[in-house]
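Engineer: Listed below are the residues making up each chain.
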Amino acid sequence: MNCWDPRVEEMPQAELRQMQYKLLKSLVYRLYSFSPFYHDRMKEQNVHPDDIHALSDVEKLPFMFKRDLRDNYPDKIFTATKDDLVRYHVSSGTTGKPTVVGYTQNDLDTWTTSLARALTSLGLGRGDVIQVSYGYGLFTGGLGLHYGAERIGATVLPTSVGNTERQIELMQDLGATAIACTPSYLLHIGEVAEKMGVDLHKDTNLRTGILGAEPWTEQMRVRMEEWLGIKAYDIYGTSELSGPMFTECTEQDGFHVWSDIALVEIIDPKTGEQVAPGERGELTMTILQKEALPMIRFRIGDITRVNEEVCACGRTHPRVDRIQGRVDDMLIIRGINVFPSQVEYTLMTIPEVGQHFQIVVDRKGALDDMLVRVELNKESFSDKITDLMLIRQKVEHKLRNVLNVNANVELVEPGSLPRYEGKSKKVVDRRSL
Amino acid sequence: MDVRKYVIKQISVFSENRPGRLAAIAHALGEEKVNILAFSIAEANGFGVVRALVDQPEKAYKKLSSIGFNVAFTEVIAVHMQDRPGGLYEIAKMLGDANINIEYSYAYSGKDGAVLILRVDQVVDAIEKISKSGATLIESSVFH
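So the protein lines, in turn, are chains A and B. FYI, in my numbering the residues of the first sequence are 816 to 1248. FYI, in my numbering the residues of the second sequence are 475 to 618.
In isolation and in its complexed conformation, chain A is listed as follows (with noise of 0.2 Å):
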């Protein structure tokens, strides 16, 4: 195994555990000594630092939400002076304001840390070459990876998203070895690339892909994987911890979340209170190392859950598995929970229908109604309107299995449903309240 960081990497658990409280203990005291909304936020919960004894009191400490950043727009709970500054940058706000993350040199350098150790996890060093195809800008993704790459010693193509056929002729002519960038990008890579008559596994030396910043499925690596020749791994992280910091190791089986650098919790979004082991709930995190915009127990909204076993891998840190959903994504039809997850995990595996969909909510009198559209795979279309009602009928059978609502099915042409190059935007809910 080749680990960037081997001392930290497979240091033994409980020492690690020690690392956590040791750092939890004085982040604590920094917050509340110099952070007047930490300071107001512990006293308004009646807890004070030397209340933190063990790792366990984390329970003890308020969370933290995003309507948290957007109240405080733009600067407000940052915790480092303008001068220590040495970068912003912005999430697109869906709902209101957005959100701003200010870093230090050294929160950079945390974070570079983080995906070096990860990028490395994964089997890349020097003489790689890593396309980052993710956004470049306010967006963390491109420049995130970007110095990620740089500090393992591997090669950056910068190519940002876009103008995929100069995309695929770069890796080409460039010969590179990895892609950073969305799943849905990297299909509508493989779908531009079948339209050149390229073959991305006989034509390109591509072996890597590095994806996040979407919701995806099991069932969509295996597609990808076979169908591009490449061994996909899922990438971690969000804005408001940095940016992307976690990956797969060669494992495959969750991404490793360096317990020095963060600490996690899973959460039930309706009690607050941490699930049992195991269990799935929502992703909680408080980062340990954080100096301008710091994170305590900051509820991320993923629904997912915790691995702490130690890996195949030899590497101690907690795995979390792939995001399962999110809790505001959550469509709620006629009372029963629906993820839009679990509709892309029942499309993968029916061969008739392409692996792109749309989920359209709408209300028919007082009853909700949800339609799935999906595209019928070219080699599945029969002349005999009688197959077709098959297929469509075999769709709305196993979703109403897996969802334990009815959806209905419309069948659409290949290629009509809408691609993203960033982040998709699978649901359309046309109820009004």
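Some hints here could point you the wrong way.
[Claimed, not checked] Derived DMTMM-like pairs: lysine to aspartate or glutamate, alpha-carbon spacing no greater than 20 Å straight-line:
no.	chain 1	residue 1	chain 2	residue 2
1	B	Lys536	A	Glu1228
2	A	Lys1209	B	Glu517
3	A	Lys1085	A	Asp883
4	A	Lys1193	B	Glu517
5	B	Lys483	A	Glu1194
6	A	Lys1193	B	Glu549
7	B	Lys537	A	Glu1194
8	B	Lys537	A	Glu1006
9	B	Lys537	A	Glu1228
10	B	Lys585	B	Glu613
11	A	Lys1199	B	Glu517
12	A	Lys1199	B	Glu549
13	A	Lys1193	B	Glu532
14	B	Lys536	A	Glu1006
15	A	Lys1199	B	Glu490
16	B	Lys537	A	Glu1009
17	B	Lys536	A	Glu1194
18	A	Lys1193	B	Glu490
19	B	Lys536	A	Glu1009
20	A	Lys1017	A	Glu984
[Said to hold, decoys possible] Just a few of them, taken from the derived set where beta-carbon distance is under 7 Å, the chain A residues facing chain B:
no.	residue
21	Lys1193
22	Phe1196
23	Asp1198
24	Ile1200
25	Met1204
26	Glu1225
27	Leu1226
28	Val1227
29	Glu1228
30	Pro1229
31	Gly1230
Source of the hints: derived by calculation from the structure; they are not laboratory data. Every value quoted in this text rests on a predicted model; they were computed, and no experiment measured them. For every residue, glycine included, the Cβ atom is placed at its ideal position computed from N, Cα and C.
Model the placement of chain B on the given structure of chain A, informed by the hints.
Structural biologist: Showing chain B alone in chain A's frame:
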């Protein structure tokens, strides 16, 4: 008897059931100077299949595929009908008696008489039975 010469290549196109889809298909074929000799639309809830006999099926297939349509070839046969009351009955009864199932069918009445286009479950059987019955099958070369 060379039955293959009676087997006609029909193109079938998957289409969403919304305004403008037939126009898109017809426009693409017009651009390629492909002539449509007969066609029909079968519709189900939300989607349909456009079926057409054209003079240049390969060219039509290529063009429609290239603009993203799902296209398939289907084998059909064409029979001359008597253009008078009872004309359809004679053909339909003969196929029924021979236990050949018609999956779908459409017809046109042109200058050379009425023509019935048939998609049947057993193409070769149907061609032999129809020939023996004295009805006239139309060779595929008449269409393309």
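Engineer: All the hints need checking, so say for each whether the structure fits it.
Structural biologist: How the hints compare with the structure:
1. Lys536/B <-> Glu1228/A: Answer holds: Lys536/B to Glu1228/A is near 16 Å, not above 20 Å.
2. Lys1209/A <-> Glu517/B: Status holds; Cα separation ~19 Å.
3. Lys1085/A <-> Asp883/A: 19 Å, holds
4. Lys1193/A <-> Glu517/B: Distance of about 19 Å is within 20 Å: holds.
5. Lys483/B <-> Glu1194/A: Satisfied, since the Cα-Cα distance of roughly 18 Å is no more than 20 Å.
6. Lys1193/A <-> Glu549/B: 18 Å, holds
7. Lys537/B <-> Glu1194/A: Given that 20 Å is the threshold and the Cα spacing comes to 18 Å, the pair holds.
8. Lys537/B <-> Glu1006/A: Holds, because 19 Å separates the two Cα atoms, which is no more than 20 Å.
9. Lys537/B <-> Glu1228/A: Holds - the C-alpha atoms of Glu1228/A and Lys537/B are around 16 Å apart, at most 20 Å.
10. Lys585/B <-> Glu613/B: 17 Å, holds
11. Lys1199/A <-> Glu517/B: Answer holds: Lys1199/A to Glu517/B is near 11 Å, not above 20 Å.
12. Lys1199/A <-> Glu549/B: 12 Å, holds
13. Lys1193/A <-> Glu532/B: 17 Å, holds
14. Lys536/B <-> Glu1006/A: At roughly 18 Å apart (the allowed maximum being 20 Å), Glu1006/A and Lys536/B satisfy the hint.
15. Lys1199/A <-> Glu490/B: Status holds; Cα separation ~15 Å.
16. Lys537/B <-> Glu1009/A: Cα-Cα ~17 Å, so holds.
17. Lys536/B <-> Glu1194/A: 15 Å, holds
18. Lys1193/A <-> Glu490/B: 14 Å, holds
19. Lys536/B <-> Glu1009/A: With Cα atoms ~16 Å apart, Lys536/B and Glu1009/A stay inside 20 Å; holds.
20. Lys1017/A <-> Glu984/A: 14 Å, holds
21. Lys1193: At about 6 Å, which falls below the 7 Å cut-off, the nearest Cβ of chain B leaves the hint on Lys1193/A intact, so it holds.
22. Phe1196: 4 Å, holds
23. Asp1198: Constraint on Asp1198/A satisfied, holds at 4 Å.
24. Ile1200: Since chain B brings a Cβ to about 5 Å from Ile1200/A, closer than 7 Å, the hint holds.
25. Met1204: Hint on Met1204/A: holds, closest Cβ of chain B at ~6 Å, below 7 Å.
26. Glu1225: 5 Å, holds
27. Leu1226: 5 Å, holds
28. Val1227: 5 Å, holds
29. Glu1228: Because about 6 Å separates Glu1228/A from the closest Cβ in chain B, which is inside the 7 Å limit, the hint holds.
30. Pro1229: Since chain B brings a Cβ to about 6 Å from Pro1229/A, closer than 7 Å, the hint holds.
31. Gly1230: 4 Å, holds
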